[in-house]
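Generate coordinates for the entire structure from the input sequences, incorporating the hints supplied.
In the numbering used here, the protein residues as written are 36 to 344.
Since the hints were derived computationally from the structure, they do not count as laboratory data.
Quick caveat, the model's predicted, so the values are computed rather than measured.
Glycine is no exception: its CB is placed at the ideal position from the N, C-alpha and C atoms.
Nothing false has been slipped in among the hints.
Computed beta-carbon distance windows for the label pairs:
1) 180 - 117: 21 to 29 Å
2) 207 - 178: 38 to 46 Å
3) 343 - 176: 16 to 24 Å
4) 60 - 177: 40 to 48 Å
5) 276 - 59: 20 to 28 Å
6) 316 - 337: 18 to 26 Å
7) 160 - 70: 31 to 39 Å
8) 284 - 326: 39 to 47 Å
EDC-like cross-link-like pairs, simulated, lysine to aspartate or glutamate; straight-line CA separation at most 20 Å:
9) 125 - 89
10) 157 - 221
11) 157 - 219
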Amino acid sequence: MNTPDKPKKPLKIPIWGAFLLNAGDYLATWFLMDGIYIYTIFTFFPGSPISRFEFLIAHIMGMVIATIVMFAGLGAGVLWIPILTFLHVKPSEAVSISLFTQITGKGIGSFNYFRSGLIDMKVSSYFIPFAFIGVALGYGAGFIISQEYERMLLYLFVGVAFYLLAWMIASLNQNPNDYKGPPDPDALKKSRMIVIISSFFTGLLSIGNNDWLIPHMERHLNMNTSRAIATGLFVMFTCSLFFLFLTTLGVFTGIQQWPQSSPVLFATCSGVIMGGQIGTRLVHVSWLKNHQKHAFILMLCLSIIHLLW
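See the structure below:
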């Protein structure tokens with residue numbers, strides 16, 4: 036005769052175990068880990084290629100810049116180039132260092148946005164292969180296109196970005212939190228070329244493709260601002276990883292050199308990890324979330340000015 040199964044006792048987790056499992060949810064944990072990292076660098080690596088002052092400047096600015104970028108969706112290049120120039124990073128290397136720095140910040144930010152359910156995985160999984168094609172084409176074109184033609188292509192990118200900026204300003208009267216439904220399949224298919232072309236500029240000139248993609252997703256794929264920014268940041272994160280892979284491949288094949296200023300990444304990357312934690316938490320503040328589109332518009336204006344400068 037079969038006896039009924041005895042009910043299983045719930046698994047008891049010690050208080051300290053529950054704390055460790057959820058420690059990453061608390062911002063204080065990240066600040067503690069950041070403090071330990073800085074103490075370790077200063078104590079056990081006194082012969083660092085950069086001074087403690089430069090390390091702290093790069094680290095603190097990394098926190099500030101990543102906080103802005105994770106909330107607004109773009110602007111890393113605009114904000115990083117002057118800081119890296121101040122830190123004596125060569126102008127020819129500053130763009131690459133900025134892009135490599137973004138990998139850690141956007142990686143942390145994307146993970147937090149994924150946990151919050153803000154990333155549209157259907158759209159991002161559709162975009163990423165085409166984005167990789169664009170990055171690869173742009174990276175290869177960088178070895179054969181003259182600076183004169185690069186300048187002309189830059190003006191093309193800025194022209195489209197300016198048009199999208201005007202549309203974003205005109206749409207400010209819309210509720211940024213309205214859910215507009217799933218993206219139209221036909222509109223998703225028609226997005227392939229804008230993904231490839233915008234990512235082409237990422238590979239060629241190290242310009243973030245979010246200048247185009249975030250307004251496009253709002254306008255044609257029925258996304259609200261927060262969802263478009265989170266999805267765009269995730270796509271840009273994967274593009275940055277792919278660009279790093281292409282750069283590493285180029286170094287090993289001898290067609291380019293690794294940036295000599297790469298030690299500064301130990302300061303910038305740790306800073307943007309903290310900024311990625313802070314910036315993604317800002318969308319949970321109602322007033323800030325309602326003005327997220329305003330922040331994007333402001334940073335897009337600065338991006339256009341920076342590219343024209």
